[in-house]
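Enquirer: Here is what each chain is made of, one letter per residue.
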Amino acid sequence: MANTQELQDIVIQVRRDILRMVHKVNSGHPGGSLGCTEFFVALYHEIMDLKDGFDMDGKDEDLFFLSNGHISPVFYSVLARKGYFPVEELNTFRLIDSRLQGHPTTHEGLPGVRVASGSLGQGMSVAIGAALAKKLNGDDHLVYSLHGDGELQEGQNWEAIMYAAGNNVDNLIATIDLNGQQIDGATKDVLPLGDVAEKFRVFGWDVLEIENGNDLAQVIAGLNEAKNRTGKGKPVCVVMTTMMGNGVDFMMHTHAWHGKAPNDEQLETALAQNPETLGDY
Amino acid sequence: MTKYTDQGKQDTRSGFGAGMTELGRTNPNVVALCADLVGSLKIQTFIDENPERFFQVGIAEANMMGIAAGLTIGGKIPFTGTFANFSTGRVYDQIRQSIAYSDKNVKICASHAGITLGEDGATHQILEDIGLMKMLPGMTVINPCDFNQTKAATLAIAEHHGPVYLRFGRPKVANFTPVDQKFEIGKALLLNEGKDVTIIATGHLVWQSLIAAENLENQGISAEVINIHTIKPLDDKAILDSVKKTGCVVTAEEHNFLGGLGESVSRVLASHYPTPQEFVATQDTFGESGTPDQLMDKYGLNNKAIESAVLKVLKRK
Chain A
1 MANTQELQDI
11 VIQVRRDILR
21 MVHKVNSGHP
31 GGSLGCTEFF
41 VALYHEIMDL
51 KDGFDMDGKD
61 EDLFFLSNGH
71 ISPVFYSVLA
81 RKGYFPVEEL
91 NTFRLIDSRL
101 QGHPTTHEGL
111 PGVRVASGSL
121 GQGMSVAIGA
131 ALAKKLNGDD
141 HLVYSLHGDG
151 ELQEGQNWEA
161 IMYAAGNNVD
171 NLIATIDLNG
181 QQIDGATKDV
191 LPLGDVAEKF
201 RVFGWDVLEI
211 ENGNDLAQVI
221 AGLNEAKNRT
231 GKGKPVCVVM
241 TTMMGNGVDF
251 MMHTHAWHGK
261 APNDEQLETA
271 LAQNPETLGD
281 Y
Chain B
1 MTKYTDQGKQ
11 DTRSGFGAGM
21 TELGRTNPNV
31 VALCADLVGS
41 LKIQTFIDEN
51 PERFFQVGIA
61 EANMMGIAAG
71 LTIGGKIPFT
81 GTFANFSTGR
91 VYDQIRQSIA
101 YSDKNVKICA
111 SHAGITLGED
121 GATHQILEDI
131 GLMKMLPGMT
141 VINPCDFNQT
151 KAATLAIAEH
161 HGPVYLRFGR
171 PKVANFTPVD
181 QKFEIGKALL
191 LNEGKDVTII
201 ATGHLVWQSL
211 IAAENLENQG
221 ISAEVINIHT
231 IKPLDDKAIL
241 DSVKKTGCVV
251 TAEEHNFLGG
261 LGESVSRVLA
271 SHYPTPQEFV
281 ATQDTFGESG
291 TPDQLMDKYG
301 LNNKAIESAV
311 LKVLKRK
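Chains A and B are the protein sequences, given in the same order.
Here the first sequence is numbered in the numbering used here, starting from 1 and rising by one per residue.
Here the second sequence is numbered in the numbering used here, starting from 1 and rising by one per residue.
One or more of the hints may lead you astray.
[Claimed, not checked] With a straight-line cut-off of 25 angstroms between C-alpha atoms, the simulated SDA-like cross-links for lysine to any residue are:
id, chain 1, residue 1, chain 2, residue 2
1, A, Lys24, A, Glu276
2, B, Lys232, A, Glu108
3, A, Lys135, B, Asp36
These aren't lab readings, by the way, just hints derived from the structure by calculation.
Could you build all of it, start to finish, from the sequences and the hints given here?
Expert: This is the structure:
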């Protein structure tokens with residue numbers, strides 16, 4: 001188990017990676033990536049039981065599926081920093097001939113990715129399938145997934161939510177990134193989601209909430225509690241409130257940085273707020 | 001040349017069900033999913049014998065495709081089951097991203113394909129599915145012609161790694177291929193040798209092509225009949241070898257002429273051996289309610305339509 005300072009150092013470095021990746025190619029999604037940085041670092045460095053190396057089947061280890069694939073920068077940075085592939089490869093994000101496609105894919109064989117995502121609303125179904133395979137294989141490891149809140153507007157999610165509860169898929173922990181923002185504005189204005197936690201509850205899930213998903217200690221405590229609730233007949237949902245653009249003052253409290261890269265000056269400001277810890281790639 | 005005879009009418013979907021029953025007994029990695037159409041897909045025996053390997057997903061096809069993709073992670077070989085319409089158009093993006101682009105070993109098994117679905121009408125009669133599926137990179141597309149071939153195809157795709165679209169139908173039709181005929185994905189079958197015209201057929205139109213060939217023989221026209229069960233990858237060589245001999249071709253399929261087998265054949269011929277071709281297929285139209293036989297007649301999908309097309313294409317040689 002890493003100590004809090006070590007994890008915090010990784011968080012800062014991952015933020016730098018995200019900012020530098022999207023700046024270099026002047027495209028990508030920094031807002032949601034920054035909002036979920038603590039979650040990814042906690043998940044990969046503290047919560048999940050992972051084997052060394054990568055194989056597609058992922059037997060005898062926990063699995064993670066990113067449904068809102070547009071936050072690929074944080075996913076790639078955390079995978080690289082965890083050792084799935086060289087951190088230098090982050091330099092190739094969104095470039096031609098890269099394994100680091102705009103949205104995550106298995107097609108180029110990037111270690112750590114088990115399904116393509118980006119077209120929204122599909123990840124929970126895939127995670128359920130992987131969880132069912134684990135049950136068939138007698139593998140008591142868990143399956144984790146992450147979903148954007150705006151993404152819940154896609155109907156397939158509700159098919160999956162209904163299925164998981166109806167079939168006691170209790171080795172699944174689905175986390176909802178509740179940042180209240182989507183491309184066209186606030187979710188409450190674009191298409192109100194209502195009470196997300198209550199919706200999952202009435203569908204039959206065991207739901208817990210993380211009030212501040214950008215507080216590493218809260219995220220770790222919340223995910224550990226979620227783990228404790230698995231294996232009890234219900235799928236587990238973590239509704240995690242985050243701040244899009246967290247860690248960069250001018251990217252917070254707005255949806256403006258959902259899919260926009262900082263310019264040179266903005267990058268400099270943003271990086272100054274997150275001084276190098278583990279070393280830039 | 002073997003003379004094919006009808007061993008008794010059976011539905012191709014029952015061939016699928018028989019294949020699933022056998023796979024349930026022989027391949028422990030095979031799992032089945034169904035979107036509330038167990039009876040239609042004929043998989044009750046598989047379910048009875050392997051309840052832990054069956055997933056009833058309800059009327060939620062998008063979720064079914066995603067769950068199937070996820071089940072492959074961990075080594076399962078999922079077979080999804082619903083009507084062809086709901087197996088393709090309804091869930092195209094799920095298949096595209098979670099299965100095809102992700103190279104997942106999912107077998108998309110689609111019953112009630114085409115116009116012979118019959119009385120339910122055009123809402124359920126998909127005539128575009130071959131086109132939709134063959135356009136997906138990496139997707140194998142198979143459309144067997146009778147009970148025996150559908151069973152053989154079902155067994156064969158379990159041994160093939162990668163996404164597959166297996167298309168079969170509802171009505172009882174002639175079962176004429178030998179029960180022990182080898183099914184090789186991507187390999188055409190020469191059913192009747194001829195020298196004047198090549199008839200290339202898939203699915204329910206294969207038996208109709210054999211009837212047409214016999215009738216044409218009585219008129220002094222020697223028709224070669226090739227059964228293409230795998231539309232993708234297409235057996236280019238078998239097509240070219242035959243057409244170089246006969247010099248003209250009729251393609252026959254229960255599908256729109258846009259996007260179907262005929263267009264795939266045209267592409268091969270245009271690239272390698274430009275040849276007059278006529279298309280027995282639906283002409284960019286939706287279907288309607290009726291009995292399968294009435295519909296096949298009205299939409300020009302039977303032996304009579306094939307014979308007319310042969311007479312027409314012979315004049316273009």
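Enquirer: Each of the hints needs a verdict: does it hold here or not?
Expert: Structure-based check of each hint:
no.: 1; hint: A/Lys24 / A/Glu276; verdict: holds, 17 angstroms
no.: 2; hint: B/Lys232 / A/Glu108; verdict: holds, 23 angstroms
no.: 3; hint: A/Lys135 / B/Asp36; verdict: holds, 23 angstroms
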